[in-house]
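Construct the complete structure from the given sequences, taking the supplied hints into account.
Sequential numbering from 1 applies to the sequence shown in my numbering.
Only true hints are included.
As a list, the in silico BS3-like pairs of lysine-lysine whose alpha-carbon atoms are at most 25 Å apart:
1) K227 - K285
2) K400 - K92
3) K285 - K348
4) K400 - K110
5) K227 - K345
6) K348 - K107
7) K227 - K363
8) K238 - K155
9) K335 - K400
10) K345 - K285
11) K336 - K228
12) K348 - K297
13) K285 - K297
14) K92 - K210
15) K345 - K400
16) K227 - K335
17) K348 - K335
18) K345 - K365
19) K228 - K297
20) K345 - K335
21) K355 - K285
22) K335 - K228
23) K92 - K107
24) K285 - K336
25) K297 - K227
26) K297 - K345
27) K228 - K238
28) K210 - K241
29) K400 - K355
30) K345 - K363
Worth flagging that the hints you see were computed from the coordinates, not collected in a lab.
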Amino acid sequence: MATLTSVITGSLKAQGLRAGCPPLSFNLRQEDHSVSFISHPFNASVRGRRALERATGHSVTTSGRRSLIVCRVVGAPLRFSSPSPVGLWYGKKSSSSLSPTTDQLIKLYKDNNIQKMWLCCDTPHDAQDIVENISSDGEANIQVVLYIPTPEVRKIAETPVPPAANEWIQLIANYQSVINYVCLGDVDQMNTNDITMIGTAMDRIPSTSKVSTMLDVNIILGSYDPKKCPSTYRFLDKFNKLLREVFNRLAGTSAPLFVKIFPYFAIPDNIDEESIGLDNYLLEKLARPYMPCDQLKYKYVFDAMVDSISCAIDAMHFSNVDISVVSGWPTAGSKKEATIENAQKYNKNLLRYVKEAEATPRKTKCIDHFIFSMVDEEQLPPDSFDWSHFGTFTLSWNNKTFPRTQMDC
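Here you go:
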């Protein structure tokens with residue numbers, strides 16, 4: 001993907017202007033969606049400005065004299081030069097004042113070059129409105145993970161299938177070019193009576209679709225302890241039969257198991273910096289290793305959580321199940337570590353982790369990462385106070401904590 005520098009420089013060369021004179025420096029301004037840069041005066045001539053306008057799609061103003069000219073690209077919101085390697089969760093558990101219109105939603109993803117959307121809607125009608133608009137927007141290169149809530153999954157498994165539940169099936173069949181994966185509910189909301197249900201629901205989704213489900217590391221593995229060696233973890237007995245049914249269906253397919261990995265919830269009431277420091281939870285690059293395990297060393301709680309799931313899957317003799325992750329950090333909550341600053345750090349570090357293709361000490365590599373969530377979902381149940389404050393964008397759609405893809409300038 002071309003960067004802003006290469007786009008501008010390439011356009012200038014194409015216009016026959018002086019080669020080897022790219023803009024010298026850039027300054028992004030989120031508040032007015034502009035980018036300023038210092039350019040050679042030849043590039044800022046009338047001909048050069050027109051070339052820059054064609055290259056960026058925005059108007060260009062100039063000021064300055066002598067050897068350097070300051071140019072400013074202004075106009076429509078600036079789009080980022082390369083796709084974000086992480087996706088973004090969008091859920092509908094927010095009030096109408098917080099919820100964007102469908103046009104606003106798609107525009108936010110496009111302006112921030114987010115090409116993976118986790119879509120969580122209570123009804124097929126709400127989901128169809130969004131998916132249909134993504135499909136018809138020629139500029140929206142967005143692939144969707146369609147999450148169907150557990151109560152709706154139970155309806156899909158009924159015989160006969162209720163008309164409302166059948167709308168989910170038709171939605172998936174009609175928009176397979178946009179819907180990359182289908183996630184059927186949360187395992188932690190299911191019980192032993194749902195073993196047949198999950199299999200039946202999977203069978204009723206179009207066979208050409210990639211179908212999976214989701215689980216929460218904290219619930220499936222019991223009370224998670226970041227100091228416990230990942231290789232010792234096993235799934236709770238009450239979930240084994242249900243998970244075996246799921247893993248049997250995932251084996252040999254390209255659909256991953258979706259896992260919620262939230263180091264924030266593993267933080268004790270009082271962090272012992274001598275044992276596991278906040279840096280270990282925040283994915284900080286300079287965090288020191290805190291746990292030896294099976295001749296391996298862990299410095300990220302995130303890695304330990306992922307490997308705990310991987311080890312539990314291996315223990316059930318399903319080594320070919322891929323993992324995709326949903327993660328994030330709250331800006332407010334029940335712990336003092338729930339701050340905007342820490343959320344910015346964690347999400348930025350997660351972006352770096354993904355861009356650098358880091359793997360866990362056990363070489364577990366997640367195939368997709370989604371940040372939870374786009375906006376604060378304040379209509380979640382009352383006992384979900386922390387979960388209601390993971391929003392990465394504000395009410396006016398300004399970025400709060402979503403990590404920016406760095407421009408190569």
